[in-house]
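Undergrad: Spelled out from the first residue to the last, the chains are:
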Amino acid sequence: MQLIPCPWCGPREEAEFSYGGQAHVPYPDSPAELSDEEWAHYVFFRANPKGRFAERWNHGAGCRRWFNAIRDTATYRFERVYRLDDPKPGVTELARSREEGTAP
Amino acid sequence: MSPRTPGADLPEHPDALWRNPEPKRSYDVVIVGGGGHGLATAHYLAKNHGITDVAVLEKGWLAGGNMARNTTIIRSNYLWDESSAIYEHALKLWEGLEEDLGYPILFSQRGVLNLAHTLQDVRDSVRRVEANKLNGVDAEWLEPDEVRKVCPIVNTSTEIRYPVLGATYQPRAGIAKHDYVAWGFARRADQAGIDLVQDCEVTGFTTDGDRVTGVQTTRGTIGAGTVALCAAGHTSVLTDMLGIRVPIQSHPLQALVSELLEPVHPTVVMSNAVHVYVSQAHKGELVMGAGVDSYNGYGQRGAFHVIERQMAAAVELFPVFARAHLLRTWAGIVDTSPDASPIVGRTAYDNLYLNCGWGTGGFKATPGIGWALAHTIAHGEPHPTVAPFGLDRFVTGALVDEHGAAAVAH
Amino acid sequence: MAELLRTHPLQAWAGAFERLPDTVRLTAEPYVAMVDVRLSAVGAEASAALGLDLPTAANTWVPTDDGRAVWLGPDEWLLTSTTEAPEELEARVRAAVLPLGGSAADVSAQRIGLRLTGARVRDVLATGCSIDLHPRVFGRGRSAQTTLGQAGVVLLSLSDGGDDHVVLVRSSFAGYLADWLLDAALEFTPTTARQE
Amino acid sequence: MTSPFRTPEGGRIDRATTVEFTFDGETLTGHPGDTLASALLASGRHRVATSVRLGRPRGVAAAWAEDPGGLVQIEEPFPEPMLLATTVELHDGLAAHGLPGQGRLADVPDSARYDAVHHHVDVLVVGAGPAGLAAALTAARAGARVALVDEQSEAGGSLLSGTERLDDAPALQWVAAAVAELAGHPDVLHLQRTTAFGSYDDGFVLALERRTDHLGAAAPKHVSRQRVWRIRARSIVVATGAHERPVVFADNDRPGTMLAGAARTFLHRYGVLPGREAVVFTTNDSAYDAALDLSRAGVRVQAVVDARPEGSPRRGECEHAGLRVLSGAVVTGTRGTERVTHALVAPFADGQVGASTAIGCDLLLVSGGWNPAVHLFSQARGRLRYDEVLGAFLPGEELDGLAVAGSAAGVFDLAGCLADGQRVARAALSALAVPPAADDRLPAAPAPVVPAAPVVLWRVPDTSGAEGTTSFVDLQRDATVADIVRAVGAGLRSLEHVKRYTTIGTAHDQGKTSGVLTSGIVAELLGVPVQDTGTTTFRPPYTPVAFAALAGRDRGRLFDPERVTALHEWHVAAGAVFEDVGQWKRPRYYPQPGEDMAAAVLRECAAARTGVGILDGSTLGKIDVQGPDAAVLLDRLYTNLMSSLKVGSVRYGVMCGVDGMVIDDGTVLRLAEDRFLVLTTTGGAATVLDWMEEWVQTEWPDLRVHCTSVTEQWVTFPVVGPRSRDVVGSLFPDVDVSTEAFPFMTWRDTALEGVPVRLARISFSGELAYEVYVNPWYAVAVWERLLEAGRPHGITPYGTETMHVLRAEKGYPIIGQDTDGTVTPHDLGMAWAVSKKKPDFIGKRSFTRPANADPLRKQLVGLLPVDRQTVLPEGSQIVEFRADGELPPPPVPMLGHVTSSYRSAELARPFALALVKGGRERIGDTVHVPVGGTLVPVEVTGAVLVDPEGARRDG
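First to last, the protein sequences are chains A, B, C and D.
At position 62 of the first sequence the residue is numbered 62 (UniProt numbering), and the sequence of numbers has no breaks.
At position 111 of the second sequence the residue is numbered 111 (UniProt numbering), and the sequence of numbers has no breaks.
At position 193 of the third sequence the residue is numbered 193 (UniProt numbering), and the sequence of numbers has no breaks.
At position 411 of the fourth sequence the residue is numbered 411 (UniProt numbering), and the sequence of numbers has no breaks.
Be aware that a few hints might be false.
As the list claims (entries may be wrong) - Sample of chain D residues with no beta-carbon within 12 Å of chain C, all distances over it, derived: (1) T17; (2) D532; (3) N775; (4) V946.
Stated by the list, open to error - Below are the DSSO-like pairs computed for lysine-lysine, each with C-alpha atoms no more than 30 Å apart in a straight line: (5) K917/D <-> K133/B; (6) K24/B <-> K92/B; (7) K837/D <-> K917/D; (8) K50/A <-> K133/B; (9) K646/D <-> K836/D; (10) K646/D <-> K838/D.
The set of hints was computed from the structure by calculation and includes no laboratory data.
Remember, predicted model here, so these are calculated numbers, not experimental data.
Each residue gets a CB set at the ideal place from its N, CA and C atoms; glycine is no exception.
Take these sequences, add in the hints, and give me the full structure.
TA: So this is what it looks like as structure tokens:
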């Protein structure tokens with residue numbers, strides 16, 4: 001059972017959270033203008049990398065807040081969690097935060 | 001000396017299984033993934049179509065992925081016509097597979113019970129049974145007392161949290177011994193001259209316009225006339241190399257096994273509401289699957305609370321399991337699709353065939369998909385059973401939504 | 001006609017609670033008005049409007065004149081009052097936070113409170129609560145929304161000795177949680193009081 | 001029954017007390033402190049079990065969990081399959097028998113309690129041997145929160161098996177002092193009989209405590225028999241020791257063949273002589289202690305057979321004690337049947353075996369070196385490194401938060417283990433920024449005798465003629481060297497393949513002794529380095545764990561929470577039959593004496609259609625949606641327009657997923673310009689709230705809106721039927737309940753005895769109806785007032801079954817019953833509920849996909865069995881009408897299926913709702929429904945069968 005660092009409540013057990021899949025997939029501005037294929041990609045297609053992945057989590061059993069995380073899907077290690085209004089951390093930033101040990 | 005315990009050991013494997021050849025420069029067909037699907041495809045390419053200039057590339061050891069990690073349940077009692085067709089075709093092949101492979105695959109048609117615990121379970125179950133009958137799939141609805149007759153150890157008390165209200169039963173369903181199945185296909189393919197290349201990880205593809213011309217591997221670049229991806233769990237890793245988007249998410253799926261026990265569980269029992277699926281394998285061990293872990297993961301491990309919940313469900317439904325022991329846990333990587341149905345067929349690349357998205361259903365389909373994919377490769381046209389499972393369905397919206405239809409997973 | 005009598009979801013458990021030892025005391029908290037407050041920014045304005053300071057530290061609660069203010073999230077609190085009627089509390093708080101872009105909803109009956117006191121309470125909670133309840137970590141003033149057994153709860157620490165807690169649980173789960181706690185307390189319950 | 005092999009004194013057993021037990025039906029005795037194995041050996045019994053495939057006799061070959069031989073079935077106090085005699089603590093009344101390979105489950109349920117406890121520490125130390133104790137003391141003295149867990153019945157680890165001294169006193173005195181000191185630290189948890197069986201992410205370790213097994217029948221019923229400790233540690237010290245490794249030779253499975261270290265354990269810990277005449281076969285110095293100790297205890301040690309040509313510096317010691325030492329020699333095989341009678345010993349040089357001579361013995365001790373117990377390290381995904389000198393796999397890297405100490409890390413001398421434990425603990429403390437204590441003294445251990453290098457010997461060449469078929473690698477699987485040779489010959493290169501081919505390592509011990517042997521032998525056969533062969537994956541659990549222990553307390557009524565409404569006690573008292581709806585218990589119907597469900601439902605329906613009925617609808621999900629943008633949010637989530645709803649009014653709404661499929665429906669009350677009360681289905685409550693939060697938080701943070709669950713804040717009692725107005729009107733005289741003043745789909749606030757009550761003109765039955773909302777505190781009181789007010793009109797409580805009939809007669813679908821995730825609002829005939837005005841809402845875009853335009857989509861219609869008799873089973877499939885009334889052979893095309901089916905009091909005939917391909921086009925057609933063996937003709941109708949013009953809703 002992993003500990004997931006909720007940006008608000010701090011580390012809590014995995015079972016308190018629900019998974020939201022890939023992060024930073026915005027709802028299209030005007031779906032009506034999308035082709036069926038473009039719409040299908042929004043509805044059904046998500047990235048599935050082996051390795052670093054920006055994804056969404058919800059602390060459902062706690063503060064009910066959604067947040068984003070950078071997690072390695074091969075090691076399951078959380079490199080960083082960030083609030084929805086924070087920008088997606090860049091690679092260099094992640095490297096730095098790891099050196100500084102500020103990564104969760 | 002006392003006689004050996006019946007069923008406590010397995011038939012011996014043959015003295016010769018396969019060569020360990022160096023990969024050739026190129027092949028007519030390169031199959032990426034030496035699991036059950038890849039090996040079965042190789043076998044039927046040779047047997048049904050006489051295509052033997054084939055390489056099966058495996059990044060680890062043959063059948064070391066989900067084929068080595070699943071709970072070996074075989075059934076065809078799926079709801080939708082498209083699904084029951086593909087799995088029933090597979091089941092018919094299973095019924096003749098031991099002879100075909102000349103290998104003791106221990107296919108045991110002991111029947112599968114899918115328990116219903118709520119009124120909606122009952123509706124969904126009856127719906128599935130009626131559909132199965134009309135599709136020529138053996139299926140029946142059992143009342144609780146009949147469930148007890150098939151599997152006396154199931155707790156059919158009305159006092160439990162979610163009493164058993166009945167079950168669907170497919171008598172022809174059952175289990176097989178996964179290593180034996182995989183090695184049976186592998187041996188046949190090897191005998192036909194097909195190269196099974198292990199420790200050979202695909203690191204990229206060479207392409208020319210809308211054709212894939214070869215695969216780059218840790219053992220060099222290998223030319224290919226046709227490429228088939230049979231890399232359950234890792235499909236996205238490969239398609240990402242080709243810039244093909246597939247609606248696949250890879251999740252850990254855990255399973256577990258107990259010590260060897262005297263025969264106590266004569267069939268296969270699955271329950272969605274009280275999540276458990278269990279059979280007693282040939283040596284006497286209880287084999288169980290747990291739920292899919294919620295997050296994407298390639299780690300071949302899941303969280304233990306999922307196992308604990310699984311144990312609670314098992315003891316709830318089978319009180320006699322209380323002091324059976326968990327001996328070993330493990331996990332596979334299932335690639336799940338949006339409609340819980342597989343994705344099989346052509347891609348943006350003319351000569352590249354996709355076979356993925358089987359989720360938890362891959363093992364039972366092994367001979368069926370091998371047959372169908374071999375046909376599809378040989379004819380350049382989808383085999384009828386896989387035709388409905390193309391990528392385009394996600395664009396048109398013509399899904400084959402098995403979880404939408406509350407069909408039982410695994 | 002006579003006034004309407006109130007019935008508590010755990011009234012049928014009173015006897016079982018009675019039989020518990022002093023090391024694990026369970027008592028249903030009296031009816032209190034509760035309101036769920038949503039407010040994006042808490043500053044002097046909010047404090048003035050509400051007449052109290054909402055706790056801004058995560059996982060904490062503070063006593064108020066006639067109740068408690070519990071942090072539920074970055075923009076969410078639970079306010080309780082032992083003196084106001086539910087509808088009064090909601091009306092007052094709503095009026096106070098509306099101008100600040102906030103909202104308030106009466107949730108007085110949404111949850112019930114259970115008071116857990118005694119030297120063994122921590123042991124009982126630890127059988128189903130994954131957060132660290134060591135008094136150094138979870139002393140008076142700490143709170144947590146988490147899971148106890150299989151029920152979502154709000155857990156409040158009322159002492160620095162780790163021997164006094166309040167568990168707030170959804171009313172429909174109250175019976176389950178009461179059964180669960182009694183079962184967990186069995187180990188500390190004298191034979192005479194046990195119903196095996 | 002005497003114990004002829006019990007030493008006159010010594011050991012950790014309570015000789016003053018004798019306990020009686022039975023094994024294979026024979027009554028034997030032992031002492032508290034014994035294991036079943038030590039008691040059996042004391043009685044002279046080595047053979048315990050029969051091997052699974054070959055039926056060969058098998059005995060105790062080790063002293064703890066690594067024993068591959070002594071598998072037993074417990075019968076008393078409660079049947080438990082397959083345990084090791086070496087790990088079963090003896091108690092009065094224990095009954096067990098040896099196993100032939102398969103255990104037996106009890107046929108009665110296990111009444112024992114099991115539970116779990118979460119525990120948080122700074123430092124978790126696994127193993128209370130010298131290294132573990134040193135680590136625990138170091139951490140405890142520094143004031144850290146510490147947990148020390150050890151699988152044995154008492155602390156000490158290897159010290160329990162020997163005669164080591166610390167500070168010039170028996171080492172166990174120091175162990176006792178250390179345990180006492182730890183007990184003095186308030187933040188130290190010390191657990192014996194507790195096996196750490198799995199290590200997971202973020203310092204999470206699971207340990208199983210066996211709390212009452214050793215008490216036998218005396219075990220208190222109210223205390224959990226076994227407990228799973230869920231330990232979350234900031235830092236973990238793995239001090240789990242090492243397992244001695246056998247050497248494989250012909251007939252190495254005969255009872256009486258035992259690991260050398262185990263013999264020492266039986267002697268020193270249990271006061272048992274494992275034999276009278278011993279041969280000791282070793283590849284390293286450690287076995288010399290066993291030889292000398294046993295000899296001192298009176299065992300005739302016939303020979304110490306050392307595979308190393310140059311032997312050992314300890315040869316002198318042995319010869320001085322009168323022991324014969326044969327250097328450059330090996331044991332090639334054994335004789336005997338039930339028990340070893342001879343060891344066959346032969347000279348051994350450059351891998352060549354000379355002629356063997358038989359040496360009589362009843363005990364053959366073997367030591368092939370030591371395998372560090374790296375299981376927890378490996379489970380934590382630590383890489384292993386093969387050590388050529390030790391012939392063993394060691395931790396090959398440093399892990400964050402997990403360190404290995406003592407012999408688990410390849411340190412085998414006492415002083416070294418103590419120092420290593422302290423070193424590792426100090427490192428852990430400094431990582432946690434905890435300064436070590438000033439006084440941190442550890443006892444002085446005698447300077448170690450530097451051992452001569454061991455020789456790595458996996459197997460002795462088989463000169464017996466059996467060609468390795470009796471050279472057992474995995475005793476529990478009867479797997480031999482010959483099997484490995486066949487596997488490799490078959491073309492297998494991967495250890496995982498060899499494991500599967502031979503089944504080595506898949507048995508009860510999961511390869512504790514056989515794993516590394518196999519790596520070594522396979523490497524030898526393939527001519528590759530052992531490092532390349534590696535090991536098979538170490539997986540949890542380290543030792544087997546009972547299912548029930550993992551189920552813990554989530555059993556019986558605690559298996560899954562039961563959610564009930566404020567009226568539950570009333571329903572129970574009224575004799576309701578309940579239905580599980582999600583986690584909720586809902587009254588399905590209220591049978592009166594002599595009534596079955598059909599009769600009760602007909603009565604309840606008639607009441608609601610002709611008089612007045614009342615339902616507990618409190619399980620409906622309720623969400624308070626507040627804020628200036630509340631209407632905007634609802635417009636985006638519902639297919640229809642909510643912003644145009646007037647305050648005081650109510651609107652029915654449908655919600656779709658992005659794929660355009662219906663996910664929920666319900667009514668929405670507008671409480672104020674900026675406030676709505678959203679009602680969801682019972683099952684959809686949590687989903688819909690999460691759905692709203694997800695969109696608001698992740699997509700539309702700019703919306704000024706808040707969503708709060710108020711499901712349990714309101715009970716909801718629909719009062720339904722022509723007489724409902726009289727009932728509600730009389731109980732709430734201040735409300736004008738006339739249609740004019742209180743029209744359909746509006747709500748009003750009122751009060752009862754000063755308690756706020758909300759009334760809403762919502763009908764899920766088509767009848768005149770008023771939903772009564774009130775704070776659950778007053779649920780019973782208000783419900784009873786309503787019954788009282790309704791008594792003159794024969795008010796009838798009804799359950800979900802009647803509710804379903806009433807709504808079905810009106811063609812109202814139940815989401816999840818009449819839909820299955822593949823159904824759009826249009827399929828349900830609810831195009832009217834899909835806004836044309838709104839530019840977008842969730843799901844809208846999906847409606848224009850090609851598949852949505854398919855004329856053969858399934859649509860919701862009504863079905864009327866032509867025979868006016870048959871109640872179609874829900875779930876039945878629908879096929880084209882067959883003139884011959886015969887079902888053709890499969891596959892038979894299906895048109896759809898029956899989603900709801902009931903007897904209708906109103907229609908005086910059964911009816912059904914169904915999803916049918918192009919259904920609305922088929923209205924008026926007759927189709928067939930296979931029921932049992934026959935085809936039932938049914939007429940396709942519109943979904944609304946009762947009061948299609950809606951004349952009744954206003955009474």
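Undergrad: With reference to the structure, classify each hint as holding or not holding.
TA: Cross-check of the supplied hints:
With a closest Cβ-Cβ approach of about 26 Å to chain C, T17/D is found to remain outside the 12 Å limit, as its non-interface label requires. The Cβ of D532/D sits about 42 Å from the closest Cβ of chain C, beyond the 12 Å cut-off, so the non-interface label holds. A beta-carbon of chain C is positioned within 12 Å of the beta-carbon of N775/D; the least distance is around 5 Å. Remark: the non-interface label on V946/D is consistent with the geometry, its nearest Cβ contact in chain C lying 33 Å away (cut-off 12 Å).
Between K917/D and K133/B the CA atoms are separated by roughly 19 Å; this keeps the pair inside 30 Å, and the hint holds. The straight-line distance between the Cα atoms of K24/B and K92/B is roughly 35 Å, outside the 30 Å bound, and the hint therefore fails. With a C-alpha separation of about 29 Å, the suggested pair K837/D and K917/D falls inside the 30 Å cut-off, and the hint holds. Simply put, K50/A and K133/B have alpha-carbon atoms about 42 Å apart, too far for the 30 Å limit, and the pair is violated.
With a CA separation close to 19 Å, the supplied pair K646/D and K836/D stays within the 30 Å bound. The straight-line distance between the Cα atoms of K646/D and K838/D is roughly 18 Å, inside the 30 Å bound, and the hint therefore holds.
In summary, the structure is inconsistent with hints 3, 6 and 8 from the numbered list given earlier, while agreeing with the others.
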